Structures are given as C-alpha cells and as structure tokens.
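A.B. asks: Spelled out from the first residue to the last, the chains are:
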Amino acid sequence: MANPQPLLATHFDTLDQQRESASLGMWVFLITEVMFFGGLFTAYIVYRSRLHGLFDYGSHELNVTLGAINTIVLICSSFTMAIAVRASQLGDRRTLVRFLVLTMLLGLTFLGIKAVEYQEKFVHHLVPGPHFQWHGPQPRQIEMFFSLYFAMTGLHALHMIVGVGLILWLLPRSAKGFYGPDYHHPIECFGLYWHFVDIVWIFLFPLLYLLGRSHFVG
Amino acid sequence: MPSTERAVLETEDYINADYNIKSWLLTTDHKRIAVLYLISVTLFFLIGGLFAVLIRLELLTPQGDLMQSDTYNRVFTMHGVTMVFFFLIPSIPTVLGNFLVPMMVGARDLAFPKVNLASWYVFNLAGMFTLYAMFAGGVDTGWTFYTPYSTTYSNTHVVATGLGVFIAGFSSIMTGLNFIVTIHRMRAPGLTWFRLPLFLWAHYATSLVMILGTPVIAITTLLLAVERGFKIGIFDPNLGGDPVLFQHLFWFYSHPAVYIMVLPAMGVISELIAAFARKPVFGYKIVAASSMSIAILGFLVWGHHMFVSGQSVYAATVFSVLSMLVAVPSAVKVFNWTATLYKGSVSFETPMLYALGFIGLFTVGGLTGVMLATLGLDVHVHDTYFVVAHFHYIMVGGTIMAYLGGLHFWWPKMSGRLYPQFWSRLSALIIFVGFNLTFFPQFLLGYMGMPRRYHVYPEEFQVLHVLSSAGASILGVGYILPVFYLTWSMRYGPRASANPWGATGLEWQTSSPPPTHNFLETPVVTTDAYHYSEEVTVG
Amino acid sequence: MSKAPFMPPQGSSFAGQVDLLYLFLVGISLFFSLLIAGLIVYLAVRYKRRSPRDIGVPIHGSGVLEIAWSVIPLVIMLGSFVWGTMLFFHLSRPPADAVEYFAVGKQWMWKFQHPDGTREINTLHLPVGQPVKVTLTSEDVIHDLFVPAFRVKMDVLPARYSTIWFEPVRVGTYHLFCAEYCGAEHSRMGGWIVVQEPEDYERWLAGERGQENRLASPEDLFKRFACESCHRTDSVARAPQLAGLFGKQVRFKDGSAIVADDNYILESILKPNEKIVAGYQPIMPTFQGQMSQEEALALVRYVRGLEAGK
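Residue numbers (this note's numbering), protein chains in the order written: chain A, 98 to 315; chain B, 26 to 564; chain C, 661 to 970.
These are computed hints drawn from the structure, not numbers from a lab.
Note that the coordinates shown come from a computational prediction; the quantities given were computed from them, not determined experimentally.
For glycine and all other residues, C-beta sits at the position ideal for the given N, C-alpha and C.
Misleading hints may appear alongside valid ones.
[Said to hold, decoys possible] Output of the computed footprint for chain B on chain C, the stretches with three or more beta carbons under 8 Å from beta carbons of chain B: (1) 707-721; (2) 727-740; (3) 792-806; (4) 845-852.
Required output: the full structure, derived from the provided sequences and hints.
C.D. replies: Dropping the structure here:
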C-alpha cells in the first residue's frame, strides 16, 4: 500500500510541518466554533435561570426518546469516524471508505430524525412566528424557548450537513487511495470537526431536553 | 513586456511576476493579497471619511439645518460601522500583517494561502451587504445596535447591515487563524519565540482576540437579525426578552475589538521606534508580555460600557477595577518606547514622526480611558462627547497614525519605490495638528454636557464645535495628501534598495519589492530582534 | 451665578465632588502627558543621529524601571478607582428622606410626576435643598436621563425601573438631555429642571393643582383594576396576601425564592406568570397595556406601603 501523492504545498518545508499546521488550524477553528455556540448557550442559560422553571414546559414538549436515539447515533458516528481516521493513518483504503460511508449514514440518520422532530413541532404549532400557539402560561416566553431550541439545534444541524458534505468530498479521494501514512491530515482534521459537532450535541441534549424533567409539574 | 525593459529589471518580483488581472484576483501570494486589501480598506476609509465630513458640517451650527434628523442618524451610524468594521479592525492586520507576517518569520507564505484569498473575498462580500444597506437608505441604530430600538423600532436596513458585520467577522477569523498557525509552525530555523519582532507578538495577541471574540459578535448579530425578521423576543421586553442582555453580548466582543484595533498599531510602533533609534526596544520581553496581557485582560472589562445601564453597583465596581488593570500594560509600553530613545541614534523620517505622534496621542487617549473607568466620573461623562474624544484619540490618534507610519515605513518594501520626504513629513504634521484641533475640544464639550449622537445642540456649545469642524478640514487635507504622493511614487519615485532605512528584520534582507517566494533561500536566524551590529549598511 | 469655564454649573450637592475628582484626574493626565511628551522631545533631540551609519546603544531593559513604572501608575489608578467607587456608591444610594418623583421616557419626550400627582412634560420644577429620588422607566426603547448640572445620569429601560437621586443646591434652570440614542428626535428629547426657592415651588404647585392634571388615588386604582377581588385581606385562597409583602421572602413553584421589592411587584402586575408563587395557580391576568406607567407606579407604592395585619 504505497503512499500515493504526498501533495506537499510549496510554502511548507516538510510534510510534518504541513500536517501540524493543518491540525493546529483545525483546533483554532474549533475554538471559534465553541465561542460561536457559546453565545447561544449563554442566552439560553441566562433566560432559563431567570424564568424560574418556565422553560421546563418547553423542554417537556421535546421528544426525549428521539433525542436519546440521536445521541446514540452520534456517539456511534464518532466511533466510526475514529476508525476511519485510524484506517487513513494505516493506508487501509477499504476500511477508510467503509467507515466514512458508515459515518455519513449515521449522520444522515441523525438529520432524518431531527427532521421528524421538527415536523412534529410544526404540526403542534410550536415553531416560533405567526403560527405559534401555546395554551399554557406565558406564551411569549415559551416561544422564546422554542426560538432558542430551533436556533441551537438548527445551527448544529447546519454543521452536520456541512460535515456530510465534506465526507462526500473526501470519499472519492479516499477511494482513490490519496490517504496513507505520509499524508492523511485531511481525514484527521475532518475527524476533529466531526467529533466537535458530536460534542456540541452532547451539551445540547441535556440542556434542552433533560433539564427540569423531574421538576415538571402538570 | 518588451525585452529591453525586462533587461533593466534585475529580478522578478511579486508585482511584475504576472501582470494580468486574473493573476491578481486569483493570487495566493500573501503580498498580493495585502495589496488587494490595501485597495479595499482605502475605499472604505474614504467612505467613512465622507460620512465624517457630513457630521462635522452639520455640527457647525446648533440647529439641525443641514440634514433632517433621520438623515443625520444614518450618517453617524454608517460612519461608525464603516470605520470600525471595515477600516480600523482590518487595516493593519490585513495590509501590513498579511504582507509582513510570513516575511518576518522567514517563510514563503502564510500557513493557508487560499484561506487568505478567501478572506479578502469574504471581506468584500461583507462590504457589499453594508454598501447595499447604505444605498438602499441606510441604517440609523448607531454602530452599537442597541435593542429594542434596533429590533423593533427602527425602520432602516438593520438586517442587511447586521449581515454585513456578521460576514466581515468571518474574514477577521480567517486572518487571525492564519496568523496563529503561521507564527506557531512556520518560523525559520533559529527563530525562537523571544527572537520574534514585536510586530509578530502584537499580531499573535491580536489574532487570539480575533478568534475568541469575533464569533460572539457573529452570534449576536445573527440573533438580532432573527429577532427583527421573525419578531422573536430575545432582546425585546415586550416579547419577554432582555435588552441589556444584548448589551452584554455586544460588548463582550466589541471591547476586545478595540484591542484588535490597537494591538497591531502598537506592534507597528515598536518596529518604528527600534528602526529609527537603531537599537532594540527597551524591555523587549515585557513589551511582548504586555501585548498578551492586554489581549487576555481585554476580555474581562466589557461592563465598563454599561455602568449606567441599570445593573448592580457591585458588577460596576468589578469592571472598574479590572479596567484599571488593563491600562497598566499599555502604560508600560509607552514607558518602554520612550526609554528606547535614550542613547539611541534617532532620525526623523516620516515613519518616526508618526510613531512619536502616536505615543503622545495614545497617552492622552489612554489616560482619558482611565478617567472613564472611574465610576463616579463616568456617570457624568458617559454618552457625551468626552467618550467620543477618548476613542478618537486612540483609534485615530493611535491606530490610524500607526497605520500610516507603518505604510510609510514598509512602502519601499511593498512597492519598491521611495516617496518624497517633504510631502510625507508635511502630511504627518498636518494630520497631527488637524487631529488635535478636531478632537481636543470634544473633551471639553463632553464635560460641559454635550451628549453623543446629537445634531441639534444648545448654543453655548457652538464655539467648540466650530473649532472641531475646522480641525476636521485640516485633518482631511492631511489624509488626502498621501493618496497623491504615494500613488505618484509608484510610477515616479526613485527605486528603493533592499534596506533603505538600515533596519533589522528578515523582511529587509530581501529585495524591494520581494520575489514571489520572499527569500531565495530559507533564512537562518542567529540573533535577537533589533540586533544592530557595529555599523549600519543602508542598501 | 458663577461658573467655572468648560464645566456645567454645580447644581447638586455632589457636583462639586465629581468636579474635584475630574480635576484631580485631569491634573494626573496633564502631568503624565507632559512628562512623556517632554521626555520624547528631549531624548529625540539629545540623541539625534549625528552621522548616517550611527547606531544606538543596545540597552535591553531594567527590571527596576519596569516595576516602578508598572506599580506607580497602578497605585495611582487604584486610588482613582477607590475614590470613584466611593463617589459612585454615594450617587447610587438615595438618602432615606428623599422625596419620590417619577419619570417616564418615551420617544421623544419626558413625563414627570410629582409626589402629589402633579404632572409635567419635559420640565421638572423642584424646590432647592430637598433630596429627590426619581424612579424611571421607559414606554418604548432605552433612553437616559442626564442632567449635566447635577452630574447624574441613568439609563431608562422598558418594563423595568431604574432610579436616580440628587439634591439641588442652587436655584436656577438647568438642561436635561436624553443620553441614550433612541431614534429620530433623540437630539430634541431634552428639557429643563427648574429649581426654585421652596415658597416659589409651593406656589407653582398650588397653581398646577387647580388644573385637571391629577392621577386617581392609589386606593381608587386598587378598586378600579379589581385587585381586591382576588387579593383580599380576609382570605388567601385565590391570591397571595399583599399586606406585609414588601421586603418579605416569596417562594415560587419551582422552588426558587426572592425578596419582594418594587421590581417584583411591578413584574407581578405586568407579567404575572413570570414567577408563580408556590401553592397558587397561574390565573392572575396581566395589566400590561391596560394601565399607564404612572398608575402602575402608584399601585406599586401602595402595595409597598401595606403593612402586615391590616
């Protein structure tokens, strides 16, 4: 399994330098993503604590079963992604392609389940905007819960879609054997991205779906 | 190109490597991208400056007689938005930083050249959204977009402008990311961290602020746009939201943003002082550390914009003391630059005039910042012209002077040409005089009670306003002159040698202009920065 | 009235203190600016390059100097911080005997209300020598009440109260401005504070009282808005007891608790389901849009004054 094209860019001196630069670049980018989601999380947490339990009504409307399934789906996809990265390091073309495809399928499953959840919200008139309906207390604040819910999960889903798109871009190259021991940093960097998107969900799920379930009265 | 002309040129450089427009628009050469940015930011500076002219014209008289209220409100908003997001934040990093960071580390380019080019396109896309908003009627919320006015009451193009700011943020993030990775991974052999020129330390610190802060303004403008578009009450109290939360989110970025504007300027000044005193900057390690501490502490003080917003006095106290702390590293820099002059070999070419002017004006700006951080006093001067004067001292008397100083210092390197010292020194002097006449009276106006963002004001404030507007006209002349003589120099200026100033630094070891790949061989660094040996060879 | 140049008249009891702090800081700033400017000019001239190839003497630094010029400015700034904070606390704590006024900002005017209910637009008459606490709120966007002569300023927020206090010490007429950009006529949202001798103020007030410019009494409002249909003194079945509420800890349905203050009472009137008291259902209707800000304030003050056991 000879390493195909080193693809050393002209401005780098060695493949190592190139790989380390790409890796550091991806980490820095992920830090910006943390700050980006962080703003939304801050708004959510501030309102959640200020509204003294009102957001629990909102959380109660979310489908915990589907959310939990999605959590498992994503964790599995991180596992398959890790295997793919390892395969690229070893130059194992077949495993790499297989597990990239598996990761993608799991990602698509996640998105599909998310679509089902969104559709449920639409049917129950819980999408913020002119058709929002809430018959319990403080509809304006509950609408805000759902705005934050859609903003946070929507932004996350957008990142997943980009991730799936990137897999589609990496697949043909993987199939052709571009990645091996000397040159695999695109897969590695993409792996970092994918794990990050997974971790964001690990925070989203408890914050949005699970908080306050035990307190919920009525 | 005719062969006779080609014979005259000794080497191929990054400018003459290829003349067609596509080679410029699709370049990945950091030096060409720097020039592309130079064109963009100059354009935005002129637009922002035009708005400034309109403001100062209106303020000549106490009545609102030049423009209607609505128009004036749009003019000052667009002045702020253009200058902050499309000139002050990008200018030094994208023009000087892009050109010099790879050269100063001894590399052939930045770590991600295509990301660099993309950042320029993203920047211009952002600019187009903002320009569209301007031509379609403008925006009148102030560059601070406070809610609920911006979400619910304003009838102007808030979303388009907000999107422009949002997109511009990505350009900023891409630049910062590129600098961080380049400085970490692409330093030439022998170039350890503590041998780096202070320009690089400053840009590294700036890049940290860019990548940590900018995403927050991104999400804030996004939420603003969503709320305005879909009437969701995140910041509007009538819909259940909190307008002060917007202020926290906004200032969490926008305070560090002012350090994005000033840290690169300080990096430039370090280079200029060292070059024109021909000795190392006094207290090099401390100055490097001060850049990093400003970057970090800068994230902890945003509440000092909100002392009278109705929040707790205890929060105000914490932010006040932290603001005092962040002033210390800036003061330390000023003292170190001054001490560098001691036993130096000082010359007064144009870049040095800008550097010395910067130190004086930044000192005034910084000290008035301490005044604003002092709680009992801030209650009186908050949202008055005192604040306007303070930030213009830093951003115009500071950042813009440093930008011009840097441009004049590295112009021979970037263009391969020298410019006339008489006109350049004259411009520097005109700018210094015009600047002080414009902005010093504003401190007085502020204490007297003249509020910000007013175009109608009590008569007793008129004399100072007239002085300020007079100063602005002088300042304008000072800014226009370089456009002429620098452009002139590109065709008619004498050709520059590799090192016309006799300065240290890797960028001066290669030709002016440099070849596309910067260095014929990767340099090896064996000395500290600003190592002047026995004699200087100019050339 | 004598006035220092470039400073507003010292119209309030603490204006002089603010000015003193300001002048101290101006003095410090002047000192350091001149010091730096002077040093730069002196050093640049003294060490001017004599011959084109000269270099400077490489002096790398001095630990002692670094410490000195870090610590000394820090000490001075911390001194300013302490002074400024003490003054700020003074500015934030109205004296117990301050008379309460009320102000509402809206695009683009100010509505003031005297303790006896008399109302004014854009102008506020006050007697000299009496501390005044103004409770502020906005009907729309964020505004800011700024009186340069008093050296006071406070943002005025929608759906919240903020407060400001001052004691006018000099008869005169002083500018007031809106100091938070609020839209088209922000620059014209100004007015006057007219400080008068107490007799002149009483005379003016009496003249105003003759006109139909008054608010209903709080007791009338309590009946008119049917508060007493649920908040009864003889039963707590439908709604919590209001007597003795102010200053008491209140427990909510979700387990959290706060101490009842003006803001809580106001919120309960305008957004009753924001916090649901433990043991009660969320059945209180909202009065947002049904009563004016002045009426809401009058009711808040009424509830505040209800003592336990009545």
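A.B. asks: Please name the hints from earlier in the document that this structure breaks, with their numbers sorted from lowest to highest.
C.D. replies: none
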